[in-house]
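**Q** Chain by chain, the residues run as shown.
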Amino acid sequence: MKKEIMQGNAAIARGAWEAGVKVAAAYPGTPSSEILREFAENYPDIYAEWAPNEKVALEVASGAAIAGVRAMASMKHVGLNVAADPLMTLAYTGIKGGLVIVVADDPNVHSSQNEQDSRNWTRFGKVPMLEPGDGQECKDFTKIAYEISEQFDTPVLLRSETRVSHSDSPVVLEDRVEPKIVPGLDPKEAPKYVMVPMNVRVRRKFVEERMKKLEEYANTFKYNIMEINDTSVGVISSGVSYMYTKEVFPEWSYLKLGMVWPLPKKLITEFAKKVKKIVIVEELDPFFETEIKAMGIKIWHGKDVIPNMYELSPEIIEKALKGKKYKEPKIRVKPEDLPRRPPNLCAGCSHRPLFYALKKLGAFVFGDIGCYTLATAPPLQAIHTTICMGAGVGQAHGAMKALGKEWLGKVVAVLGDSTFLHGGVTPLMDIVYNKGNATTIILDNMITGMTGHQEHPGTGFTARQEPTHMIDYAELGKALGVKSIRHVDPYNIKETMDIIKEEMNKDEPSLIICKDSPCMLLRRAKPLERFKYPFYFVDNDKCRGCKMCLEINCPAISWKEGEGQTKDGHKRKGTAYINKDQCVGCEVCVQICKFEAIVPGTK
Amino acid sequence: MKNNEKTTNIFLSGVGGQGAILASNILGEVFLKAGYDVKKAEVHGMAQRGGDVTTHFRFGKKVYSPLIKYGDVDFLLSFELLEAMRYINWVKPEGKIIINKQQIYPPAVNLGLMKYPEDVEKTFKKFFKDNVWVVDGQGIARSLGNLQAANVVLVGAFSNFFPELKPEQFIDAIKGLLAPKLHDLNIKAFYEGRKAL
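If you read the protein sequences in the order shown, they are chains A and B. This note's numbering puts the last residue of the first sequence at 1229; the count rises by one with no breaks. This note's numbering puts the last residue of the second sequence at 210; the count rises by one with no breaks.
So that you can see chain A by itself, here it is in the shape it has in the complex (with noise of 0.2 Å):
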């Protein structure tokens, strides 16, 4: 028996490959990005790609499980918003080969634009989903939703979120089973995958008649477990929750549904009948606890007590649950009273000249998601909107037309280049069809930054590393009818300034491209070779400790107190000092500075 200590993720990925998935697909999202990211490293057997969204990962996916192979589509919670389209009808054709379709959520909202609650989606959409609390579980579950997909004609919704994606924990692997469905199309199915009003209607029964089944299957489903221990308290819960609750009141007796929906009612009246008390633990929503009330089962505590907002953890469950008597650590020294220390944009990063060049200009930045949302944090300040992936294109477009014409230079819309493809091209499609005069950049660092460096149709190359087709940005805004398309070098911030100050006054639509500036993480890029010196230093005989180069928010540049003065005699309270270890060499400094006390080293 082999063990090892697996991320949840990677646990997901190592039970679709030893239940025989075929196909997989997936946008990165944190926490979900690492699943597609074993596919493509370490299992050769499954065909897995980077979509340009969502929505398309679970088509393409969907369309294997049509052709009779078990297939995979992995993303974020707002992910999962993108794909809700296919999900909500897929739910009524179901499928041939078995279809997972995992979504990650991120209570706390680690690196996320909000905090949804996934299980409302299996309700919504009824389909079954399963969630799982550790790496074990996490290759257990994925390998039975499988047969659940495929005994009960229905996709599976695996929900996942941080705690479990991103925690490690010992799992047994065990070997790959070829799934027993022959692959292949029948024309002869269209009725089940044709969802037109008459079809439609006789699958709807379908739909309802799948869901008592799986509620019968769920009474006895080996994953919902009933643990009987001390009667005195019976607690409810699932995925991480229960381990958090485990841990803290391991005497208690438990119902951990391995399986959130459909409920199992029968089992839940039996453990209900067998212990006092019913405590519910869940994060987010009451989504368990409105439908045990609604079965007219009296819960002790639940969402009185346990927060609906933020994740849980062992101690915000021991201070619900034990009120008063839960004795508080003691606090030795006052976090908030520590300097904080929030993510930055990377020393050399191309956004920063970008959104510095914006702040100068004075506009209002319609934004994105994705690194450049860090340019919210002061002293840059210099993003206003985040939304979601695309959404600044169409808003941008939107208050042009609500503000008219003397709000000309001073709107535009920015995005990554891999949000630009995931859902930025529709809404400027929009702007020229709707003769509007938004002016859009994209920010082309050539790879999905944040989520760890995914490929995408922009890069090259595919999830497996082979070379492909690389999108053109100015040939697409071109074809899109886009008439004023420009490049902008962002690390010549005076240019930038102009191009862009240009571009906005226009009464026409506009598509500004970075080039040549590639994220200073993606090695392949050599994205320190274009730069002319190795660091840059301050020269303290010029330096009139102005604080000019500190705008930039830097991780390179700090300030040194101590008065002093420069060589010439002027009177100064500190320096700015770069730390050559950090410095790039990107230059951006250099012409913030009025004084030329920044000057080139060599290593």
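It should be emphasised that the hints constitute simulated quantities derived from the structure, not laboratory data. Honestly, I wouldn't trust all of these hints.
[Stated by the list, open to error] Here chain B is said to cover these stretches of chain A; the calculated rule only asks that three of the stretch's residues, wherever they fall, bring their Cβ under 8 Å from a Cβ of chain B: (1) 814-828; (2) 1191-1198.
[Claimed, not checked] Just a few of them, taken from the derived set where beta-carbon distance is under 8 Å, the chain A residues facing chain B: (3) Y870; (4) K872; (5) M935; (6) R966.
Don't be surprised by glycine CBs; every beta carbon is placed ideally from N, CA and C.
Given the coordinates of chain A, work out where chain B should sit on it, guided by the hints.
**A** Positioned in the frame of chain A, the structure of chain B alone reads:
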């Protein structure tokens, strides 16, 4: 915990890029091979962008929660002084603290808006007396010719707290996790760290 056999809680903290994750991976391999159940949790996503990084590492007979309960840390293993201070309240009164003496300034300090805490070591000693060890991970790593090895120096120092484990068990884990060309350096870093306490 009442009915469970004791689980040991190790909290690792540092700054993105310091190698705290490799350190926790080494611990994971060592304790799994030593026959324990292991769970560890970390937040990914923005760590490469210079943010703080924490890992909750737990081992024992059967471990449920991937997160350590606030106030229940047995060992605080920190790669940076400020990032040690940030989690001082997490440590049990009898907990042990191993700190790398490196300082990495966060933006508020760089911008001159806040002061970097100067008294980290003193503060820990005030509350934890003799249970505080400060290691010069960078200094030792520099003497070996590679600053990157500071994380394994810390692991070496930390290994002293588990006399039941042999150094070879750590070395095996290091070899399993790192490319062969890095073995010599990191094995030396481990032993130098082990001698440092």
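**Q** Please go over all the hints and tell whether each is borne out by the structure.
**A** Quick rundown of the hints versus the structure:
1. 814-828: violated (count 0)
2. 1191-1198: violated (count 0)
3. Y870: holds, 5 Å
4. K872: With a minimum Cβ separation of about 5 Å from chain B (threshold 8 Å), the hint on K872 (chain A) holds.
5. M935: violated, 17 Å
6. R966: Status holds, d = 7 Å.
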